[in-house]
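Counted the way the numbering used here counts, the sequence shown spans residues 11 to 507.
Source of the hints: derived by calculation from the structure; they are not laboratory data. Remember, predicted model here, so these are calculated numbers, not experimental data. Just so you know, not all the hints are guaranteed correct.
Using C-beta positions, here's what the derived DEER-type ranges look like [claimed, not checked]: (1) Leu82 with Asp153: 27 to 33 Å; (2) Val273 with Lys97: 34 to 40 Å; (3) Ser347 with Asp153: 20 to 26 Å; (4) Ile115 with Glu339: 46 to 52 Å; (5) Ile79 with Phe503: 54 to 60 Å; (6) Pro100 with Gly291: 29 to 35 Å; (7) Gly291 with Leu159: 26 to 32 Å; (8) Asn388 with Glu92: 50 to 56 Å; (9) Leu495 with Pro70: 44 to 50 Å; (10) Tyr312 with Asn265: 53 to 59 Å; (11) Ser253 with Asn277: 35 to 41 Å; (12) Ser347 with Gly291: 23 to 29 Å; (13) Lys263 with Phe326: 27 to 33 Å; (14) Pro492 with Ile310: 56 to 62 Å.
List of simulated lysine-lysine pairs, BS3-like, C-alpha gap at most 30 Å [unchecked claim]: (15) Lys383 with Lys97; (16) Lys261 with Lys285; (17) Lys338 with Lys278; (18) Lys278 with Lys334; (19) Lys342 with Lys278; (20) Lys261 with Lys97.
Note that the Cβ used here is the ideal one computed from N, Cα and C, for glycine as well.
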Amino acid sequence: MRLHFQRVLVGLLFLLILTAILPSEVQAGTSSEIIEAELVINTPDEAISSGGGGDHSAAPGWLVTPFAILLLMIATGPLFYEHFWHKAYPIIAVILATVVVLYYIFALHNVHQPVHHLFEYIQFIALLSSLYIASGGIMINVDKEATPLANVIILLVGAVIANFIGTTGASMLLIRPFIRLNRFRIKGYHIIFFIFVVSNIGGSLTPIGDPPLFLGFLKGVPFFWTLTHNFVPWLIAIIVQVSIFYLFDIKNKANYNTDDEPVNYTNKITLIGTKNFLWLGVVIFSVFLDPNVLEWVPAIEYDGTKFSYIRELIMFSVAFLSFKLANKEAIKGNDFSFEPIKEVTYIFIGIFGTMMPALELVGGFAASPEGIKMITQNTLYWGTGILSGFLDNAPTYINFLTAAMASQGATINNMAEVVTYASGGTYANSVLNLKAISVAAVFFGAMTYIGNGPNFMVKSIAEQVGIKMPSFFGYIIRYSLPLLLPLFLITWFLFFR
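Working from the sequences, and respecting the hints, build out all of it.
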């Protein structure tokens, strides 16, 4: 019990430090700083200088409290008041988000930010739900003994295909067969390393791999830039993580098979519900239907910003049709349930609603003269990384890229300047700066359950089938800090020091 409270205190201390290190000028806000902050925060769509049709005040520092409360309850709920949390988390998440949203609308007279985050949330949940449901109709069965080598191969395959169908798509496709393969010896660390490798680090090589890289692509970073520049850090990180996993797994002698008869393996891989791969293809294709890139794509225009809706309609249609027309044997074999996506839906309503003040404070500081003076590869790497672990890594990526470009007189809203910045051009250290931001945004998403969308969903799927997972801070203290932080230090030392 005492250890759990210590973990909670560590997490709260981090949040307090995050708020405290931001200068008071940023927390209080001036008109010019607010405009700069919004220029940074309004992503993935083109930024505008005023929200809701007029001037408004910056969010006060204390408004991050609902976000801190939500993180605290996510961490402590399953430990100390599990029954209450399981029943009440949707209400709690919605109430905390509502408090912040109403404060923005009525106290700050800022309608743009809540509307922008609403559209971002719809995009987020449309992608996750369509990939989750479509993949739920595909049953992959690997009928072989669960050896450490077999597990390593699955993790490596996941790390590769994450760059073609995204970390979310790869996670949803492989997590169930990974669990089934290890059904007689499954433990929490299996799921943790799956989150590390497949749900996060794996998707570092293409814009499809992870949302922040896709935002960079939409802004003008060439499609193959990430493959060219992120490959070596990706390769080192994957090798390190699967090697550590192998050492963990080779010591696992557990066998939960209660049958007296030995299991005879055919060493075959069978697929049921393969037509759902077509639905996954539709989802991946629809990702590129962005009205800010393709002008012929219909959009909702609000306050000068274009928001996609055709893409989301396609994704929600795929979610409905892929389940309605799915192979029933695959659905049953996967023990498919809507509970994991329901949990993600409500938890991230709370996160998207309550994180607005935190993002505004970070964005305001990054765009301020004080923040721009601090722009180095070190601050870009560690700043982007640490905040990506606790905030949405997509806007964090854009915040720091905007500040990095602004420090050299460039703007992220000029695609030609983004292309020049990514190529080196006339901007000093721009390639390394962009590389530091890109690697950190993807890698550090593995630091917490909320660092990247699929993390929480993979955890929820595992718990749904009875796998005991560590708590929010247990995940950080027992796995992220000892296993990921040394890797991130090595990556920093080799490439960004």
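Results of checking the hints against the structure:
no.: 1; hint: Leu82 with Asp153: 27 to 33 Å; result: violated (44 Å)
no.: 2; hint: Val273 with Lys97: 34 to 40 Å; result: holds (39 Å)
no.: 3; hint: Ser347 with Asp153: 20 to 26 Å; result: holds (24 Å)
no.: 4; hint: Ile115 with Glu339: 46 to 52 Å; result: holds (49 Å)
no.: 5; hint: Ile79 with Phe503: 54 to 60 Å; result: violated (37 Å)
no.: 6; hint: Pro100 with Gly291: 29 to 35 Å; result: holds (32 Å)
no.: 7; hint: Gly291 with Leu159: 26 to 32 Å; result: holds (31 Å)
no.: 8; hint: Asn388 with Glu92: 50 to 56 Å; result: violated (41 Å)
no.: 9; hint: Leu495 with Pro70: 44 to 50 Å; result: violated (32 Å)
no.: 10; hint: Tyr312 with Asn265: 53 to 59 Å; result: holds (57 Å)
no.: 11; hint: Ser253 with Asn277: 35 to 41 Å; result: violated (25 Å)
no.: 12; hint: Ser347 with Gly291: 23 to 29 Å; result: holds (24 Å)
no.: 13; hint: Lys263 with Phe326: 27 to 33 Å; result: violated (46 Å)
no.: 14; hint: Pro492 with Ile310: 56 to 62 Å; result: violated (46 Å)
no.: 15; hint: Lys383 with Lys97; result: violated (48 Å)
no.: 16; hint: Lys261 with Lys285; result: violated (39 Å)
no.: 17; hint: Lys338 with Lys278; result: holds (22 Å)
no.: 18; hint: Lys278 with Lys334; result: holds (29 Å)
no.: 19; hint: Lys342 with Lys278; result: holds (20 Å)
no.: 20; hint: Lys261 with Lys97; result: violated (38 Å)
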